[in-house]
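Given chain A's structure and the hints, the job is docking chain B onto it.
Top to bottom, those sequences are chains A and B. Numbered according to this note's numbering, the first sequence terminates at residue 143, and the numbering increases by one at each position without gaps. Numbered according to this note's numbering, the second sequence terminates at residue 635, and the numbering increases by one at each position without gaps.
Treat the hints with caution; some may be incorrect.
[To be verified] Think about it this way: if two alpha-carbon atoms lie no more than 27 Å apart in a straight line, the pair counts; the simulated DSSO-like pairs of lysine-lysine are:
1. B/K583 with A/K131
2. A/K131 with B/K575
3. B/K591 with A/K131
4. B/K579 with A/K131
5. A/K35 with A/K131
6. A/K40 with A/K83
7. A/K97 with A/K35
8. B/K591 with B/K575
9. B/K591 with B/K579
10. A/K97 with A/K83
11. A/K83 with A/K131
12. A/K97 with A/K131
The set of hints was computed from the structure by calculation and includes no laboratory data. Here the structure is a predicted model, which is why all the values come from computation and not from measurement.
Okay, here's what each chain looks like letter by letter:
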Amino acid sequence: NAGVTQTPKFQVLKTGQSMTLQCAQDMNHNSMYWYRQDPGMGLRLIYYSASEGTTDKGEVPNGYNVSRLNKREFSLRLESAAPSQTSVYFCASSDRLLTGSTNEKLFFGSGTQLSVL
Amino acid sequence: GNSVTQMEGPVTLSEEAFLTINCTYTATGYPSLFWYVQYPGEGLQLLLKATKADDKGSNKGFEATYRKETTSFHLEKGSVQVSDSAVYFCALRSNTGNQFYFGTGTSLTVIP
Numbered sequence: 027n028a029g030v031t032q033t034p035k036f037q038v039l040k041t042g043q044s045m046t047l048q049c050a051q052d053m054n055h056n057s058m059y060w061y062r063q064d065p066g067m068g069l070r071l072i073y074y075s076a077s078e079g080t081t082d083k084g085e086v087p088n089g090y091n092v093s094r095l096n097k098r099e100f101s102l103r104l105e106s107a108a109p110s111q112t113s114v115y116f117c118a119s120s121d122r123l124l125t126g127s128t129n130e131k132l133f134f135g136s137g138t139q140l141s142v143l
Numbered sequence: 524g525n526s527v528t529q530m531e532g533p534v535t536l537s538e539e540a541f542l543t544i545n546c547t548y549t550a551t552g553y554p555s556l557f558w559y560v561q562y563p564g565e566g567l568q569l570l571l572k573a574t575k576a577d578d579k580g581s582n583k584g585f586e587a588t589y590r591k592e593t594t595s596f597h598l599e600k601g602s603v604q605v606s607d608s609a610v611y612f613c614a615l616r617s618n619t620g621n622q623f624y625f626g627t628g629t630s631l632t633v634i635p
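Just chain A, same shape as in the assembly:
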């Protein structure tokens, strides 16, 4: 059972380059998320997709775009990378929130370490 799979695991970019981080989950989850993790700041939500066909901005969306390609896949794109985007990026997924649901946890991928020079 693969869970949440992120690629690549490591990436180095030059300022101004573009790239796409890929994420796929095999748990039939409705909701998917992209977070960035920076020292002393914990995890901050970049974008999320509550269900297939919808995307919404999180806390720090500037400089990023997302695509919910289908129920399994949720990609994060940096159109013009900046050094401030050097971070560790985590994709996560969860069941759709239902009132009273006990299955409310996030499943995380192993992360992508991105450096922008």
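Chain B in isolation, oriented as in the chain A frame:
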């Protein structure tokens, strides 16, 4: 709005010491509360959760009780091991939305 405040780290303890990591929250409605753990080089994993007031979540010797009156969800373990060295994140999920809100994380190092 929704937010989580965690005690600052890093925390260094000797093996078999008692652990407390404080967590308080601000939320509208009745959130679910979580502790996630991140081991070196890995993504976050759910450690325990509580979905309503006075619930106690527990796993691997860790416990946390959902205290609505003090808006707290402190993590405790009676006797830590070297293998517990990790970063611990407190989080909440609002019952009115589909987002998780994380604290800044507390790094724990347990020395033999």
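Hints, verified against the model:
no. : hint               : result
1   : B/K583 with A/K131 : holds (17 Å)
2   : A/K131 with B/K575 : holds (15 Å)
3   : B/K591 with A/K131 : holds (20 Å)
4   : B/K579 with A/K131 : holds (16 Å)
5   : A/K35 with A/K131  : holds (23 Å)
6   : A/K40 with A/K83   : holds (25 Å)
7   : A/K97 with A/K35   : holds (22 Å)
8   : B/K591 with B/K575 : holds (9 Å)
9   : B/K591 with B/K579 : holds (12 Å)
10  : A/K97 with A/K83   : holds (18 Å)
11  : A/K83 with A/K131  : holds (20 Å)
12  : A/K97 with A/K131  : holds (18 Å)
Every hint from the earlier list agrees with this structure, and none is contradicted.
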